[in-house]
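Those sequence lines, one after another, are chains S and X.
Going by full-length UniProt numbering, the first sequence opens with residue 1, and the numbers climb by one from there.
Going by full-length UniProt numbering, the second sequence opens with residue 1, and the numbers climb by one from there.
Source of the hints: derived by calculation from the structure; they are not laboratory data.
All clues stand as given, with none of them false.
Quick list of the computed label-pair ranges, beta carbon to beta carbon:
#1 S:L137 to X:P79: 41 to 47 Å
#2 X:S157 to S:P229: 23 to 29 Å
#3 X:N282 to S:P229: 39 to 45 Å
#4 X:P61 to S:P229: 25 to 31 Å
#5 X:D76 to S:I133: 39 to 45 Å
#6 S:I145 to X:V119: 47 to 53 Å
Cross-link-like lysine-lysine pairs, in silico, PhoX-like; alpha carbons within 20 Å at most:
#7 S:K220 to X:K126
#8 X:K130 to S:K220
#9 S:K220 to X:K87
#10 X:K175 to X:K3
#11 S:K220 to X:K109
#12 X:K80 to X:K8
#13 X:K33 to X:K204
#14 S:K220 to X:K83
#15 X:K175 to X:K87
#16 X:K147 to X:K130
To list a few chain X residues with every Cβ distance to chain S over 10 Å, as calculated:
#17 G26
#18 E42
#19 S43
#20 E135
#21 S157
#22 Q191
#23 T239
#24 R339
#25 Q340
No residue lacks a Cβ here, since even glycine has one placed at the ideal position from N, Cα and C.
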Amino acid sequence: MAKYIGKRLVYMLLSLWMIVTATFFFMRIAPGNPFASEKKLPPEIEANLNAHFGLDKPWYEQYWEYLVRIVNWDFGPSFKYKSQTVNDLINEGFPVSFLLGMEAIFIAVAVGVLLGIIAALKHNRWPDYTAMIVAVLGISVPSFIMASFLQYFLAIKMGIFPVARWESFMHSVLPAVALASAPMAFIARLTRSSMLEVLANDYIKTAKSKGLSRGVITVKHTIRNALLPVVTYMGPLTAGILTGSFVIERIFGIPGLGAHFVTSINNRDYTVIMGVTVFYSILLLVSILLVDIAYGIIDPRIKLAGGKKGE
Amino acid sequence: MEKLLEVKNLEVSFQTYGGTVKAVRGVSFDLHKGETLAIVGESGSGKSVTSQSIMKLIPMPPGRISDGQILLNGDDIVPKTEKQMEKIRGKEISMIFQDPMTSLNPTMKVGNQIMEVLVKHQNMSKQDAKNRAIELLRLVGIPMPEKRVNQYPHEFSGGMRQRAMIAIALAANPKLLIADEPTTALDVTIQAQILELMKDLQNKMDTSIIFITHDLGVVANVADRVAVMYAGQIVEMGTVDEIFYDPRHPYTWGLLASMPSLENDDKAELAAIPGTPPDLTNPPKGDAFAARNQYALAIDFEEEPPMFQISETHFAKTWLLHPDAPKVEPPEAVKRRMRQLSSTFEKPVLVKEGE
Ligand SMILES: Nc1ncnc2c1ncn2[C@@H]1O[C@H](COP(=O)(O)OP(=O)(O)O)[C@@H](O)[C@H]1O
Ligand code: SF4
Ligand SMILES: [Mg+2]
Chain S
1 MAKYIGKRLV
11 YMLLSLWMIV
21 TATFFFMRIA
31 PGNPFASEKK
41 LPPEIEANLN
51 AHFGLDKPWY
61 EQYWEYLVRI
71 VNWDFGPSFK
81 YKSQTVNDLI
91 NEGFPVSFLL
101 GMEAIFIAVA
111 VGVLLGIIAA
121 LKHNRWPDYT
131 AMIVAVLGIS
141 VPSFIMASFL
151 QYFLAIKMGI
161 FPVARWESFM
171 HSVLPAVALA
181 SAPMAFIARL
191 TRSSMLEVLA
201 NDYIKTAKSK
211 GLSRGVITVK
221 HTIRNALLPV
231 VTYMGPLTAG
241 ILTGSFVIER
251 IFGIPGLGAH
261 FVTSINNRDY
271 TVIMGVTVFY
281 SILLLVSILL
291 VDIAYGIIDP
301 RIKLAGGKKG
311 E
Chain X
1 MEKLLEVKNL
11 EVSFQTYGGT
21 VKAVRGVSFD
31 LHKGETLAIV
41 GESGSGKSVT
51 SQSIMKLIPM
61 PPGRISDGQI
71 LLNGDDIVPK
81 TEKQMEKIRG
91 KEISMIFQDP
101 MTSLNPTMKV
111 GNQIMEVLVK
121 HQNMSKQDAK
131 NRAIELLRLV
141 GIPMPEKRVN
151 QYPHEFSGGM
161 RQRAMIAIAL
171 AANPKLLIAD
181 EPTTALDVTI
191 QAQILELMKD
201 LQNKMDTSII
211 FITHDLGVVA
221 NVADRVAVMY
231 AGQIVEMGTV
241 DEIFYDPRHP
251 YTWGLLASMP
261 SLENDDKAEL
271 AAIPGTPPDL
281 TNPPKGDAFA
291 ARNQYALAID
301 FEEEPPMFQI
311 SETHFAKTWL
321 LHPDAPKVEP
331 PEAVKRRMRQ
341 LSSTFEKPVL
351 VKEGE
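Isolated chain S (complex conformation):
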């Protein structure tokens, strides 16, 4: 196991390095610069600014300095917010995004799995059809439309939830639901089809032939095996929630990392864009690794290479 994780960590570092390099060069190719704004700056001031942020140096020096800083977990200053570093932005925004993301993941998994199980157990009857209509809607309606829809009905019309901002748990419900709806629908369909597949398996018939009750068969033999694909989906789910949060945080005025990220792109705030991209990449790579490890633990057929009993 340790060997396997070690190997995976090395691959992760490699991927990270490639991501950092790619972001760095894409940033330079992109037209415009952080100081391009409505008012033309006097050339002396612009030169001063460039010198201050090291933009006057040759690209390889900038690249090298950037790598060194990232290794030291220092993403540098923000170009736009004079007094803030990128680290400040991450430290401030990430906890908010994390909370929102976790809430969304929880909703997506809990509701999605539940809907999927109900649909499969009531296969081709009305609960199945209802759950699948909900799922198709969830998948086909983009999250920003879902968000406006929720805001309009549940907040403005009915006044159950606050429209926007980030102050209490109630404030988090609508954005979390909007963020969760698409992955929830996907998980519902995944769970349903995987349940149906498991139910058609011979070992379910074996379980029945032993005299086990339907309840025991469902819990002990069906659901457990049916959830394996859902566990694999947790990696892409995290990615989906991350990217989804860019839009949702903007719509609901939530001071999370996603909102900062979008603002920084509009501002061409190089260091923030790069820093947040790298930070997100690390997050994603780690969560994929965790999912793989969890999968290896849950499914006895998977032996993580280098594991104790691994071949």
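Start from chain S and add chain X with the ligands according to the hints.
Quick look at chain X with the ligands alone, frame taken from chain S:
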């Protein structure tokens, strides 16, 4: 001998998009305590559906037992509820399936899969059940059972998995064991070992066995009696000797002629039965086998043959046994093994309906 099981005029159908599939069409047989009955027939002849009906394991819907009785110790199980069936499955009747690769749960330890039965039917504590599971694994010939009990199915070979399945099936000392092609998925040497094991355990535990196979070759070794199924019906039934040495139904002749054996080597070509079984959504008029039967008479396309009795234990459903039927010779491969059996009646007797 006491009757353990009596199946009377069983009819099972499936509702499908293409119409109603009449998978089992009036099957009757009985089984004595400690006896082994083999059910043979081509794939699709309704062997699995018949046997799964005995445990009410067929999916309902689309399946339906549309007629008949299944008496276990004189008690009809057809009207029983799922809750009542739970007390019968695994305890009175248990089943071994064809493919040991897929019939065990891949994410549950083999020991736990045995223990489930013991906990359910024998009210054992977890610890007792585990000890008993180890004993059972030893009984079915799995080496190092203390270690194996904690392993997962993928750590077992095919033959070992089928042994584990047998351990599960026998855990609660059932009175009837149904083995649905238990060796079909295994290679020949393993096949022989599993058959040996089953015979051995039957002697020890005095279980009755219904042994399903499409391979007449294995039947002679394991069975007391044989039922030959075709298109959802039993077309011939008798003791092993009667089926092997005095077969009367052309379908049985076909099965015997297509069976590889020592005498039947490269000289005589293996004669596969031509054609395919009929569509059971619309079973043909007359005898279902007529279209594939080189001996078919005119009446065969008009009217279904009745059952004739050839001896106390031997039955066949073919017009050829009718007194007016022309005398026909079975194929060479079958004729060579035919011999006169002492128990045979002088003349075939028509079995009246409803008997
Ligand atoms: N669940 C089902 N739905 C529809 N038809 C079925 C189902 N199960 C079995 N059948 C039909 O019943 C017939 C007998 O099948 P089966 O008993 O499995 O044959 P065997 O075991 O002799 O190979 C086949 O024609 C098959 O198509
Ligand atoms: S009844 Fe007719 S068709 Fe059927 S097996 Fe006998 S001879 Fe052949
Ligand atoms: Mg079958």
